[in-house]
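Listed here are the chains, written in short residue letters.
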Amino acid sequence: MSEKSENVSKGSADYCETKACAEAPPKQPMGWKELYLKEDWWAIYLGLGITVVALISFLSGSNIVKSLAINPGGLKWSSLGQLGDHFSKNLPLYFIQMISWLVVFGVSTRIMGLKTREFIPSFIVLYLLSIVMFSISGWVNASKYNLEPPLVALIVGLAIANLVRLPKWLDSGFRVEYYIKTGIVLLGATFPVTLIISAGPVALFQATVISLTTCLVIYFMATKVFGLDKRFASVLGVGGAVCGVSASMAIASSVGAKKDYLYTTVTLVVVWALVMILFIPFASKLLSLNPGIAGAWVGTSEFADAAGFAAASAYGKMAGNENAAIQGFTLMKVIGRDMWIGIWSFIFALIACLKWEKEECGTRPDAMEIWWRFPKFVIGFFIASIFMTAVTAGYASADFNKVVKPGLILPIVSLRTWAFIFCFLSIGLTTRFRELKSAGVKPFLAFTTGVLVNVVLGFVLSAYVFGSHWSALGK
Amino acid sequence: MALCFGCRHFVNNPRLIESSIPGLNALSSAFASVRGEAGLCSRLNLFLSPTTKCSYFESDESVTEKRPAV
Numbered sequence: 001m002s003e004k005s006e007n008v009s010k011g012s013a014d015y016c017e018t019k020a021c022a023e024a025p026p027k028q029p030m031g032w033k034e035l036y037l038k039e040d041w042w043a044i045y046l047g048l049g050i051t052v053v054a055l056i057s058f059l060s061g062s063n064i065v066k067s068l069a070i071n072p073g074g075l076k077w078s079s080l081g082q083l084g085d086h087f088s089k090n091l092p093l094y095f096i097q098m099i100s101w102l103v104v105f106g107v108s109t110r111i112m113g114l115k116t117r118e119f120i121p122s123f124i125v126l127y128l129l130s131i132v133m134f135s136i137s138g139w140v141n142a143s144k145y146n147l148e149p150p151l152v153a154l155i156v157g158l159a160i161a162n163l164v165r166l167p168k169w170l171d172s173g174f175r176v177e178y179y180i181k182t183g184i185v186l187l188g189a190t191f192p193v194t195l196i197i198s199a200g201p202v203a204l205f206q207a208t209v210i211s212l213t214t215c216l217v218i219y220f221m222a223t224k225v226f227g228l229d230k231r232f233a234s235v236l237g238v239g240g241a242v243c244g245v246s247a248s249m250a251i252a253s254s255v256g257a258k259k260d261y262l263y264t265t266v267t268l269v270v271v272w273a274l275v276m277i278l279f280i281p282f283a284s285k286l287l288s289l290n291p292g293i294a295g296a297w298v299g300t301s302e303f304a305d306a307a308g309f310a311a312a313s314a315y316g317k318m319a320g321n322e323n324a325a326i327q328g329f330t331l332m333k334v335i336g337r338d339m340w341i342g343i344w345s346f347i348f349a350l351i352a353c354l355k356w357e358k359e360e361c362g363t364r365p366d367a368m369e370i371w372w373r374f375p376k377f378v379i380g381f382f383i384a385s386i387f388m389t390a391v392t393a394g395y396a397s398a399d400f401n402k403v404v405k406p407g408l409i410l411p412i413v414s415l416r417t418w419a420f421i422f423c424f425l426s427i428g429l430t431t432r433f434r435e436l437k438s439a440g441v442k443p444f445l446a447f448t449t450g451v452l453v454n455v456v457l458g459f460v461l462s463a464y465v466f467g468s469h470w471s472a473l474g475k
Numbered sequence: 001m002a003l004c005f006g007c008r009h010f011v012n013n014p015r016l017i018e019s020s021i022p023g024l025n026a027l028s029s030a031f032a033s034v035r036g037e038a039g040l041c042s043r044l045n046l047f048l049s050p051t052t053k054c055s056y057f058e059s060d061e062s063v064t065e066k067r068p069a070v
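Protein sequence lines correspond, in order, to chains P and B.
265 is the number that the numbering used here gives to position 265 of the first sequence; each next residue is one higher, with no gaps.
39 is the number that the numbering used here gives to position 39 of the second sequence; each next residue is one higher, with no gaps.
Every clue listed holds true.
Chain B is faced by these chain P residues, among others (derived, beta-carbon under 10 Å):
| # | residue |
| --- | --- |
| 1 | 341 |
| 2 | 366 |
| 3 | 436 |
These are computed hints drawn from the structure, not numbers from a lab.
Keep in mind it's a predicted model, so treat the numbers as computed, not measured.
We treat Cβ as the ideally placed atom computed from N, Cα and C, and that holds for glycine.
Bound-form chain P, shown alone:
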């Protein structure tokens, strides 16, 4: 008998044992309230809003957005005096920029239900740390010592979170997912839609191969070899195959998994994602991989968008072509793999309902689940890409490089980089190893087998099967 079978009813009110159960009124689902209660939508509003404001500023000849997109990452400073001069000269701009971020993120998180009095001090800490990260990356010798901003931000965040006992309320401002989603929508504004059309099908095919293979390997190992519960196996499998913690959450609720199953999977995903952030960039460097190929490999084998962007961006900077690595990663992960979440969720809900607990299913899964579970920020990425491709289509190549790029594209890239640095720091600052759950040997081995298959298959697909395709990116 399954863990739920003795508790979950046939779904009819007359099965209830209590009067309250039978008479309870139906409650209305969130429905379209998600338009202002979910961070995916806020990332879309924010990303598209910034894009439109940048465009208006550009078309009207104003320098406001360009000035506010300031960051010290490109300074190439060689003495602290140079760095100090930069900040003393631009202090008002940095102050206005911080207030602008604070307002847009503060208001939106307030509406979503976070406490403003916790968010404000937390975000100020995050902003100041981000300034330090940018300053390090702007050092003239930064690349010589592999001080890539994503890796430095991650390591500094991890060190602070694990060596200093930060108060838990500070997490209010360390919104990893919100920042990365906002960054991805902004990335869409600089991502040609023609590239999505030409490279998207290969990404979808590669993602399908990798997702199915990884999920089935983990599921098989977990159930047949280690005898784990099939709900646990499904949460582990989809967590490893699709989108880490987010996918685990979606599947756990679809199959009604124990909280501990989800908690264990979260731990495994976080630990392996951190390992991959470091492993894939340095392995790629060792193999002298083309950055487009490395980006696709990261997109195939990393577990979460935030972790993947850190790895892809780090290697892109190491290889001198961040754009190619980011493009490869985005096509594979955001467009290829993330699309699977809702579909897997619906499929496992059907299996759980029709096969695992045929007699005791609650409400039949609704195909609308695919939509409700869909990572909506991807829509924002597409809209931004289509919009900006259309807006800039009329410019000749020379005009684009001379006028549009410095006046419109680069400010958006800078603001996107801010969002990414907020995210990379937040990953470290919210990862407290002492709080992670002990996974147990069997789940660890089942998941790790899937990780190994995924990494090897991801490399073969990215470097050999579709190598010529991915190496053409970023040119």
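Keeping the supplied structure of chain P fixed, place chain B upon it in accordance with the hints.
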């Protein structure tokens, strides 16, 4: 029809979910669309869809005051 959504054991406030599962907000978020309205059952210790039904259901009339539908 008694769905988990209206049960006093069902907790789907994103802040509470994140504090119940440390590490969840390190690479994801309970405020994400992919969670939908899923939440934790404090009675059975399960992570559930709000449309699940259960014999331990106990109506919570103050549910809307205690936690917004997020």
